[in-house]
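Engineer: The primary structure of each chain is shown beneath.
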Amino acid sequence: MHYSALSVFLQGLKGHKGWPRMWRDPQPKSHYDVIIIGGGGHGLATAYYLAKEHGITNVAVVEKGWIGGGNVGRNTTIFRSNYMFPANTHFYEKGMKLWEGLERDFNFNAMISQRGVINLFHSDPQRDAFARRGNAMRLAGVDAEFLSPAQLKDMVPILDFENARFPIQGGLMQRRGGTIRHDAVAWGYARGADSRGVDILQNCEVKDIIIEGGAAVGIETSKGTIRANKVAMAVAGHTTHVAKMAGLELPVESHVLQAFVSEGIKPLIDTVVTFGAGHFYISQSDKGGLVFGGDLDGYNSYAQRGNLPMMEHVMAGGMAIMPAIGRVRLLRHWGGIMDMSFDGSPFICKTGIEKLYLNGGWCYGGFKATPASGWCFAHTIAKDEPHKLNEKFTIERFREGRMIDEKGVGPNPWIQ
Amino acid sequence: MAEFETVHPLGDLDQLLADHAHHGEGAPGVQLSIRTQAACVQLFSRKGRHEDVAKALKLNASPGVASASKSHTALPLSPGQWMVTSNQSADRLAAKLQAKIKDMGYVSQQGDARVCFRIAGPSARDLMARGCRLDLDESRVGTGFCAQTNMAQVGVLLHQISDEPAYDLYVYAGFARSFFHWLSHTAAQFGYRIDKL
Amino acid sequence: MHQIDCPWCGTRDEAEFQYQGDATVQRPKPDADEETFFRYVYARENPKGWHVEWWHHVAGCRQWIKVVRNTLTHEIDSTGGPQSKLTKPDEKGGTKS
Amino acid sequence: MTGVNRVSVGGSRIDRSKEVRFTFDGQSYTGFEGDTLASALLANGVTLMGRSFKYHRPRGCLTAGSEEPNAIVELRSGARREPNTRATMAELYNGLDAQSQNRFPSLKFDIQAINQLLSPFLTAGFYYKTFMWPSSFWEPVYEKFIRKSAGLGKAATQADPDTYEHSHGHCDVLVVGAGIAGLSAALSAGRSGARVILVEEQVAAGGMTSTATDFIDGKPSDEWVAQALDELAGMANVTVRTRTTLFGYYDHNVLAALERVSDHLEVPEAHQPRQRLWTLRAGQVVLACGSHERAMVFDNNDMPGVMLSGAVRAFVERYGAAPGKRVVVCTNNDDGYKTAASLHKAGVEIVAITDARAEPSPAAKLATAAGMKVQCGVIPHKAKGRHRVSAIALQRTDGSSAEIIECDCVAMSNGYSPDVHLVSQTGVAPVWREDILGFVPDTPIRKERSAGACKGTFELNACLQEGHQAGCDAAEAMGFGSGDPGSAGTADEEEITAPLALWRCPGKGKAFVDFQNDVTAKDIQLAHQEGFVSVEHAKRYTTLGMATDQGKTSNVNGIALLAEARGEPIPDVGTTRFRPPYSPVAIGAFAGHERGMEFQPVRRTAMHACGEKLGAVFVEAGQWLRPQYYPKPGEGVMEAIYRESEQVRKTAGICDVSTLGKIEIFGEDAGEFLNRLYINGWKMLAPGKARYGLMLREDGYVFDDGTTSRLADDHYFMTTTTANAARVLAHMEHASQVLWPDLDVHFCSATEQWCGVAVAGPNARAILAKAFGDAIDISNEELPFMGVREFKWNGATARIFRISFSGELAFEVNVPWSYGEAMWDAIWDAGQDHGLIAYGTEALSVLRIEKGHVAGNELDGRTTAADMGLGKMMSSKKPFIGQKMAARDGMIDPQRATLVGVKLKSGASRLRGGAHLVADKNIANAETSLGWITSVCDSPAMGCWIGLAYVRGGLSEHDGKILYAANPIYEESPAVEICSPHFFDPKGERLHG
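Chains as they are written, first to last, in the numbering used here: chain A, 1 to 416; chain B, 1 to 197; chain C, 1 to 97; chain D, 1 to 993.
Derived by calculation from the structure, the hints in this document are not laboratory data. One or more of the hints may lead you astray.
[To be verified] Straight-line alpha carbon distances no greater than 27 Å define the calculated DSS-like cross-link-like pairs of lysine-lysine that follow:
no., chain 1, residue 1, chain 2, residue 2
1, A, Lys-266, D, Lys-384
2, B, Lys-47, C, Lys-29
3, C, Lys-48, A, Lys-244
4, D, Lys-144, A, Lys-153
5, A, Lys-244, C, Lys-85
6, A, Lys-14, D, Lys-384
7, D, Lys-447, C, Lys-88
8, D, Lys-878, A, Lys-94
9, D, Lys-447, C, Lys-92
10, A, Lys-266, D, Lys-921
11, D, Lys-129, A, Lys-97
12, D, Lys-508, A, Lys-17
13, D, Lys-792, B, Lys-96
14, A, Lys-244, C, Lys-92
15, A, Lys-14, D, Lys-510
16, D, Lys-878, B, Lys-47
17, D, Lys-510, C, Lys-29
18, D, Lys-510, A, Lys-287
19, A, Lys-266, D, Lys-144
20, D, Lys-522, B, Lys-100
21, D, Lys-447, A, Lys-17
22, C, Lys-29, D, Lys-683
23, B, Lys-47, C, Lys-48
24, B, Lys-100, B, Lys-58
25, C, Lys-48, A, Lys-223
26, D, Lys-384, D, Lys-219
27, D, Lys-510, A, Lys-17
28, D, Lys-129, A, Lys-94
29, A, Lys-392, A, Lys-52
30, D, Lys-683, A, Lys-287
31, C, Lys-48, D, Lys-447
32, A, Lys-14, D, Lys-129
33, A, Lys-287, D, Lys-792
34, D, Lys-447, A, Lys-287
Whole structure, please, built from the sequences with the hints as guidance.
Structural biologist: Below is the structure:
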């Protein structure tokens, strides 16, 4: 059934009895062309693009819990492509282009809102570093501009320019960046893939990856054995845990990143704002809640919950740039499991084991990369060759010394 | 050329005392004091010589408890390391210590690096609770307790000097003014007086 | 908030420490080859469960202490000094209750 | 009596002698001290307090506590405006002013109530299926409208004037909740001598007990409560803190609580914070948080005047405010009868009591005996009325309709859900108990136990015993088993019969499950129909339990309805995950003292005052403040910097360099230790000599640089960059403690033991010679380039280093911190007739760029020693940290970008850091970018703008050639000439003079 204002109106008259299931709940078949481990944003997007772009529909997405329950359901919903290294800039810009057409493409309103992402800077060296990144974006055809304090005052009136320990000197803005209703991305891709014949297998945990003759041929799950011509991993947060099932060792560690939401209030902040001298970034959801976050808690964790010290740092950062939010109340905070690769850039590649493909290492950038990751991974699986956009996101780059290190802290993901 | 005049990291102390003289009538919950002259010497003992150095200077080798003698007090920092403080001159203290331990360890002057604040009085423990993470309850610790921790985002070497209670807080010089701002701002709710030691 | 029992300072808040990663990796001898050094710098077990790791007591005694901590439940089984030999509960035979 | 609905009986919390004036939506009323805004409004006959989020239906308060979903108001105004404050928790003070929320123009006449007409189309998740065409309409039209109508209250737009404070607490036993079970636990634990902290969210203890019907040791429960509080107050080892919500149960029994210090006052008293955030470390925890009464789900159950029966009772007993004059009690369990008895005693007419259960329970018989009409097997069908309930239509459980009863208040009780929020934060999964129709805690994982209603125990006597035992167990677990815990006291026996499950009273209309987010029973069915069968999916699709009350009164009803839709028992559906905070906490409270200028401490150098005297403009350098430049009156920034950097090379300049990291290093193996840290060799450095060193990270990239001097055989003195000082110290501690514990090396930070100045320029030696007098001979023979001496100077121990960052004849002088001002003044006075000026960080940068020295901008964590042209420093004779990884192909690839100098030729008035270098101005894209400019300055020595840059191909490919500094951000692309980065005095003749 096609979603539109008309269909909502007609169904409204008939008490909404006619809405079908958005995705089936099938039992696993014994064999598929492709198995995708992980029913998060990237796994579902990969299945969607395999079916839509490559006509491969005999696909199973195998999820140990409920789809969209991992990081895609826990992030701070921001999308942007303001990266510095060409490999990242082009890749995330492909994501931007896909986001911009996605709602029409999979006929689902994910409330993709291009309201602008502003990175504040507070010193000359930081201004120059942001200029280098902004220019890299412009040279790659991506929108980026500097905002003066006067422009910032106009766009974000509650920023504090008078009493700041680290005065705001300006901001690097990407106007096309913004926020998205994260759950809707998983549901939209699930519905799109399911409608094209992809089997979404929930509550089906992968226990092992079956390797025969040097090639991946299937998986053992809580619902029995499932074989396939190709097996793809997209389980960010548990990447090393699953990769180990195939004997793969990866320079990745799992860290907890907290996210916070306030009680719903009338519009107060219209753009996404990040603080350059502390751990804090914020936007306001369409339901009125201030959605904000900061940085990793700084230790390996799969606990999906955060801790007091980083909470206090994050909200001190918030009060440092917008002390007007002091009386708004925190409603809820939780944590995701971040796949921290040792240079801050992802893996979308073959693995040295035939027919086994890897998508992971997403650090902070997983949610915003969802469409581009799904699109490139589908190409890599379908063609058994990476696309030009993801050819640099290999496992070997570390051994070769060709890291793509956006933050410049090397193999220490916990350093803030 | 006459001797150089030293300047306290908090600047003109008399002016400071004047500015902060008027806090609350009644008996102050807290007496804040700023120790002007605190010689501090950091003492390192070489591998395997911790006990010998401790014996040579009659120091307490176990953690968390200061050992005091007539002329100086030693605060254990980590295995084989102490911060030795006294009111005599820093050079004389360093020389005396080095002479006693000979080649068993090293000394390094830290007197200028640290400012010492003293907090005393009935509300001292409540004031400390506003910034110190440690359990300072009388059932847990008493006079002689010493520890390194952080308070108000600043590293602190803490030493309980009496069961009144009274605490000496050694703070790095660069942070002295920031720490004092937090201390005086937070002490205001208990009522405080300030003096110079 | 983790409460970490520093061998010297006693139990302290996590906020006094700086996490410093996997403590099971041994730095190879200087003459080891590039591949061995590569694994020392980049290969990590990243377990979902018991993990022997470094916590540097920056606000306390400045020691690098080893902590056996569970990355799923955040329980801490044991701590020790920089040269201590700690093992995970699931390797001591019989899991902790 | 103020207020039409005030009753003379009850009102344990109000002081009827103290009237308080307040305003709501501009209308003024009077209440008593101790009233909440909600109780005072009810006492004044006001029941309409808000509008619901989506349909804008009129709403009154449903509860009497922090779980209130409907009566959400804007309290105070201006900078102190608090959106979404629960009227049931806002304690009255004189002049309190509150506004209703989410309505236009007024509460009574809300235009957006039109949504009720559109409600057939506004079901759960409708917005996912529409607003997609035309796509250009989304931001400017659809989203603008949605955002305007979303959200409840308006936040303040100026800085929060109040302060917040953190505090730390420690105890053996922490008791959460001062109801009967909590008080009982605190008493037994306190008597054992353990250190006990009891926290209670409300302003008073006692929890949900009813003064009308509950007796302990023969006395009304409130007398027992008062006695308990007295005994606790007398124990030095017990601390009782009311108005304090325990909101977070974190790892290792660390819990967080928010104390509302001044919210009951108009403004905080002098030196008092608005709120205080407690971090509590507890040996053992006793959770006694009570339970939440559930609403009945029937058509129009959201009508103002329809409230939870416990709340109706609480308003009468606590505040003497009767929510209505003609009350119908609808219940499925015995607690409803307590409300009936309490209201009856207060003289409020109980028009009828309906009990879903067919057989009259003992409590029903008591009510009948007291003259109240009890109808068994009867449940509500539909509430009638507009802005207030006027009648309730009933129905028999067999479906046939019963009578319609006129009333102005319905007290409904659909059973109690134990409050398992805090225990599930510890990872304990709530377990369903069919007998009490509630989720209770499973076996504890942490050092905690639950007691009373939060464990599913509702009988008063059982609460007393359970609390008492929990207190004893907790104290014993902490080694306080020997004390005498005294007796728990006994309450009258109550015969309680099981509640009857009643998840949906049959009806066709709108029956609300989540009141604030307008989630109806039909929405849950639609979610199931569309495939959102997991409880987490159903929650996200319908937004059930995502409002400010986080589903406290609605989650279990929602789960039960989902179970019915799935045709499975409730345990198979399970609960969604509980997350801190228990109830919403102000963001300011988490920040505490760390805001404004105190966001981070300010670190000042010893000569800060000297800089201020000379009119220095300061700049942040990490946590330090450093003089950036010293403008003369009327001098602009660029002129001042130009003058300073020019003057240093002409006469001499003095610069405060105290912020450099300084580390004293001792030990026989100190030289070997440095060998393993730095890429260059140190063993052969003689005492009295200094050397520049570069450190790598283990992955081969440059970590930090600085000069290290040898003062004696076993004593070195290292300097690091300001930014990396702490990280270098930690790096060294790792190396000495973990990697090479056998080396005899000891070190400590001396950053604030020594302050320092650099004195540079042709007249530097003359100036210092005059300042030092005969304290030391600084002739070139006695103190050659890279020489070091220690000496006594006017009573201070001083050190002088022939080190030059500026490329001039230069000295760095260190003295102990407290001698800083005296040293600065001595050198400043000596320099006045030698043209000495003060220069700041900007001029320092000009000078080092002119020399081609790398600094922070060049050490960005992604560059190798070879990239900076320092590859030859890497010793091949000894191993060092990072050596092996620096040899990887990608790290030594000739195509890497290497350090070059750039000179501005044409096309712009200045150079800018962050510009990309391209060969052809018209083909500037990511692939043709050869590198980027790191640092720039207007160079007096070169007479033009110069800079340092990293370029692929480096000097070998581009020396003398023209490239373009593509800078789309500034819309300019000036031509630059590539040259050696060592612009000025490349051979360094001036250094050796």
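Engineer: Each hint should be assessed against the structure and marked as holding or not.
Structural biologist: Tested hints:
1. Lys-266(A) with Lys-384(D): Violated, at about 32 Å.
2. Lys-47(B) with Lys-29(C): Measuring from Cα to Cα gives roughly 22 Å; hence the hint holds.
3. Lys-48(C) with Lys-244(A): holds (12 Å)
4. Lys-144(D) with Lys-153(A): holds (21 Å)
5. Lys-244(A) with Lys-85(C): Distance of about 26 Å is within 27 Å: holds.
6. Lys-14(A) with Lys-384(D): Distance ~26 Å between Lys-14(A) and Lys-384(D) Cα, so the pair holds.
7. Lys-447(D) with Lys-88(C): holds (22 Å)
8. Lys-878(D) with Lys-94(A): violated (47 Å)
9. Lys-447(D) with Lys-92(C): holds (24 Å)
10. Lys-266(A) with Lys-921(D): Violated, because 48 Å separates the two Cα atoms, which is more than 27 Å.
11. Lys-129(D) with Lys-97(A): holds (22 Å)
12. Lys-508(D) with Lys-17(A): Holds. Lys-508(D) to Lys-17(A) sits at ~15 Å (cutoff 27 Å).
13. Lys-792(D) with Lys-96(B): holds (19 Å)
14. Lys-244(A) with Lys-92(C): Within the cut-off at roughly 23 Å; holds.
15. Lys-14(A) with Lys-510(D): Satisfied, since the Cα-Cα distance of roughly 16 Å is no more than 27 Å.
16. Lys-878(D) with Lys-47(B): holds (25 Å)
17. Lys-510(D) with Lys-29(C): violated (74 Å)
18. Lys-510(D) with Lys-287(A): holds (22 Å)
19. Lys-266(A) with Lys-144(D): Holds: Lys-266(A) and Lys-144(D) sit about 11 Å apart, inside 27 Å.
20. Lys-522(D) with Lys-100(B): violated (86 Å)
21. Lys-447(D) with Lys-17(A): violated (50 Å)
22. Lys-29(C) with Lys-683(D): Satisfied, since the Cα-Cα distance of roughly 20 Å is no more than 27 Å.
23. Lys-47(B) with Lys-48(C): violated (38 Å)
24. Lys-100(B) with Lys-58(B): holds (11 Å)
25. Lys-48(C) with Lys-223(A): holds (23 Å)
26. Lys-384(D) with Lys-219(D): violated (41 Å)
27. Lys-510(D) with Lys-17(A): holds (16 Å)
28. Lys-129(D) with Lys-94(A): Holds: Lys-129(D) and Lys-94(A) sit about 25 Å apart, inside 27 Å.
29. Lys-392(A) with Lys-52(A): holds (25 Å)
30. Lys-683(D) with Lys-287(A): The hint is violated at about 66 Å.
31. Lys-48(C) with Lys-447(D): Holds - the C-alpha atoms of Lys-447(D) and Lys-48(C) are around 23 Å apart, at most 27 Å.
32. Lys-14(A) with Lys-129(D): holds (16 Å)
33. Lys-287(A) with Lys-792(D): violated (69 Å)
34. Lys-447(D) with Lys-287(A): violated (38 Å)
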